[in-house]
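Student: These are the residues of each chain, in order.
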Amino acid sequence: MKPDFRLLAFGAACVAQWAAPLASIYVREDAIQRGAVVRVAVSAPDPFDPLRGRYLQVRPLESEVVLDPELAHLTSGQKVWVQLQKGPDELHHLGKVTTQKPVSGDYLLMTLRLPRGRSSAPADSASRLSVDWPVDRFFVNEKSAPQADDWLREKTRGGRTIVAELRVLNGTAVLTDIAVDGRSFRDVLKQPAQ
Amino acid sequence: MKAPEQSWLLRQLEGWEAEGLVTADSAKVLRERFKAQGAASAGTGALMLGIVGALLLGSGLIVLISHNWDAFSRFQRLACAFVPLLLSQVWTASLLRRGTVEVWKRESAGLLQTLTTGACIALVSQIYQMGGEWTQFLLVWCLLTVPLAWALRARFVAIFYALGIGVWALSQSRVNAPWHETPWIYPLLLLALWPYCPGFRLQQLPDLLFRRVLTLSVAAGIAACSIRTCLNSGLPAPQVEGAAFWLLLLGASGLSLFPLSKTALTDSLNTKPQVVFPCLVLLHYGFFATLLEGGEAFTAAAVSGMHTHWGRLLLVVFAVLGAVAVRQRRFALLSLAMIPLLPLLATLLPVSLSTLSTLHLTAVGLTLIVLDFYGKPSSPRGGAAILTGLIVIRIFDSHFSLVAKGLVFMGAGIAFLAFNHFMSRRKQHLGAPAA
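Taken in sequence, the protein lines are chains R and U. Going by our numbering, the letters in the first sequence line up with residues 154 to 347, in that order. Going by our numbering, the letters in the second sequence line up with residues 20 to 454, in that order.
Everything labelled a hint here was simulated from the structure, so no lab data went into it. Here the structure is a predicted model, which is why all the values come from computation and not from measurement. In this text, a Cβ means the ideal position worked out from N, Cα and C, and glycines have one as well. Fair warning: there could be bad hints in the mix.
[Claimed, not checked] Label pairs and their computed distance ranges (CB to CB):
| no. | chain 1 | residue 1 | chain 2 | residue 2 | range |
| --- | --- | --- | --- | --- | --- |
| 1 | U | K424 | R | K296 | 33 to 43 Å |
| 2 | U | L288 | R | D183 | 53 to 63 Å |
| 3 | R | D242 | U | L311 | 39 to 49 Å |
| 4 | U | A90 | R | S257 | 33 to 43 Å |
| 5 | U | I412 | R | G312 | 43 to 53 Å |
[Said to hold, decoys possible] Far from chain R, some chain U residues (derived; all Cβ distances over 10 Å):
| no. | residue |
| --- | --- |
| 6 | G72 |
| 7 | N195 |
| 8 | S398 |
Could you put together the complete structure from these sequences and hints?
Tutor: Written out as structure tokens, the structure reads:
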């Protein structure tokens with residue numbers, strides 16, 4: 154291997170090692186600063202990521218969409234734009250599904266999936282599919298995690314809803330907080346706000 | 020030779036020279052050779068210490084990050100992500116500028132930069148609550164660091180990459196995923212190791228450790244493609260597992276037949292993990308198949324697997340590599356590699372898969388012994404072990420009394436020991452050292 158190629162490879166590696174995280178940071182900082190606040194109902198148990206530590210697994214309760222007849226050909230694995238609409242309960246719900254990026258409103262890029270327990274789409278329910286949300290975990294401090302798990306379990310006893318607060322901008326979502334009864338999870342655990 | 024044995028040999032040389040057992044020239048050659056080996060083993064020690072140091076440093080950083088320092092502001096935490104990365108990059112750059120550096124420094128720098136890169140992207144994804152499976156994270160990490168294997172010729176970075184892509188491929192079995200999230204891109208990912216090994220001018224042969232890792236990684240890639248094929252092919256649910264397993268066996272056969280250079284043909288089996296690992300899998304399956312009561316379900320699954328695109332591709336690869344193996348006269352290996360074809364053969368012949376497997380393994384055992392008597396590359400002790408294993412399994416599975424079973428086991432044991440003794444004597448008689 155020639156020395157110039159080695160330097161080129163090293164340079165490419167260094168640039169990529171900075172560019173990849175910085176690009177993620179730029180998009181998410183933009184969403185946090187300028188994005189619309191979106192609240193969705195979720196459940197949040199407490200597992201562990203071997204590389205990134207403890208987190209609450211955020212599972213939005215609403216994950217099924219109804220496709221318009223002209224989109225009935227779409228199948229599991231395809232990317233779609235899903236609009237988010239605020240309901241009378243002050244929470245956001247999944248709305249219209251499109252293959253083109255919407256020009257206005259709050260929307261997210263999601264992946265279509267077959268609903269749980271279905272290995273193929275029967276003809277009568279072909280227009281109902283699940284979607285993968287782009288947020289699925291909320292990393293928490295190693296010490297706070299069991300406390301957070303207990304708090305959430307206690308608060309949700311009796312059917313109270315856990316609400317995930319997102320910042321959404323141009324199809325990108327950043328999870329900023331989790332709350333129950335309007336009380337922020339961060340406040341409870343005395344964490345500085347994101 | 021280990022260090023204490025080397026120093027013992029070097030101490031004895033003077034006496035042997037005085038006694039006339041070795042000439043002065045021979046003693047000089049031996050001294051130089053074992054002194055050089057001693058220096059190399061000292062280098063290995065430095066390398067291992069360097070690797071352990073880099074691993075501890077980088078792993079410690081990742082574990083610290085896992086704590087999630089939420090008392091720090093976002094900016095402070097981001098600084099914690101990028102400063103170690105920058106420092107490791109500066110160290111690597113300084114080594115590259117110097118040109119020739121010790122192996123342990125190159126390896127340590129490569130590994131440290133790999134770990135600080137992982138720590139950096141882990142911290143960023145933690146701060147911004149990014150979703151996704153940890154295996155996706157692993158793939159991004161691998162892709163960001165593989166150029167370090169080319170730039171520094173860092174073996175352990177290459178090993179990390181090979182293992183990482185294997186683990187990622189195995190995790191990609193989701194139905195209807197887009198193409199770039201499927202194990203079909205595994206061959207492309209594997210190609211990224213080309214500049215490291217064998218190099219653009221094929222000047223770098225993989226060492227034994229790297230060959231072992233590559234074998235495991237490729238086996239994971241084959242398994243991932245086989246599983247994905249069966250999950251997406253619309254096969255009846257009871258056939259999916261059997262078909263995937265059969266495709267994996269066929270892939271293992273192809274892997275074992277990978278062509279060797281002329282010099283490698285005569286090398287010991289210990290230096291050929293791409294032959295040993297797949298053959299162990301095939302033999303395990305072969306013994307298991309002799310116990311199958313009704314092999315019809317597995318036979319049907321194998322036929323279904325053969326009719327998939329992946330199955331056809333594997334069969335073509337198997338046929339081509341089989342032809343090369345015939346040309347290279349690797350008949351002993353070929354007899355083992357034929358094992359996955361038995362379920363297909365069972366559909367054509369009026370015998371059960373169990374009987375066919377028993378007959379085949381018997382033929383393989385005898386072939387391995389007979390080839391050695393004709394001076395062909397083979398493993399007669401391996402053949403004897405297969406025959407003994409076959410006898411033990413068949414007798415164990417039979418309805419004979421415990422007394423009869425015990426006597427047969429003892430007979431097989433005595434025959435095995437006697438054969439081993441005979442082979443040792445034969446090798447000594449032929450002038451070769453007893454293995």
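Student: Work down the list of hints and note, for each, if the structure agrees.
Tutor: How the hints compare with the structure:
| no. | hint | in the structure |
| --- | --- | --- |
| 1 | U:K424 x R:K296: 33 to 43 Å | 60 Å, violated |
| 2 | U:L288 x R:D183: 53 to 63 Å | 58 Å, holds |
| 3 | R:D242 x U:L311: 39 to 49 Å | 59 Å, violated |
| 4 | U:A90 x R:S257: 33 to 43 Å | 40 Å, holds |
| 5 | U:I412 x R:G312: 43 to 53 Å | 59 Å, violated |
| 6 | G72 | 21 Å, holds |
| 7 | N195 | 4 Å, violated |
| 8 | S398 | 38 Å, holds |
Hints 1, 3, 5, 7 from the list above are not met by this structure, while the remaining hints are.
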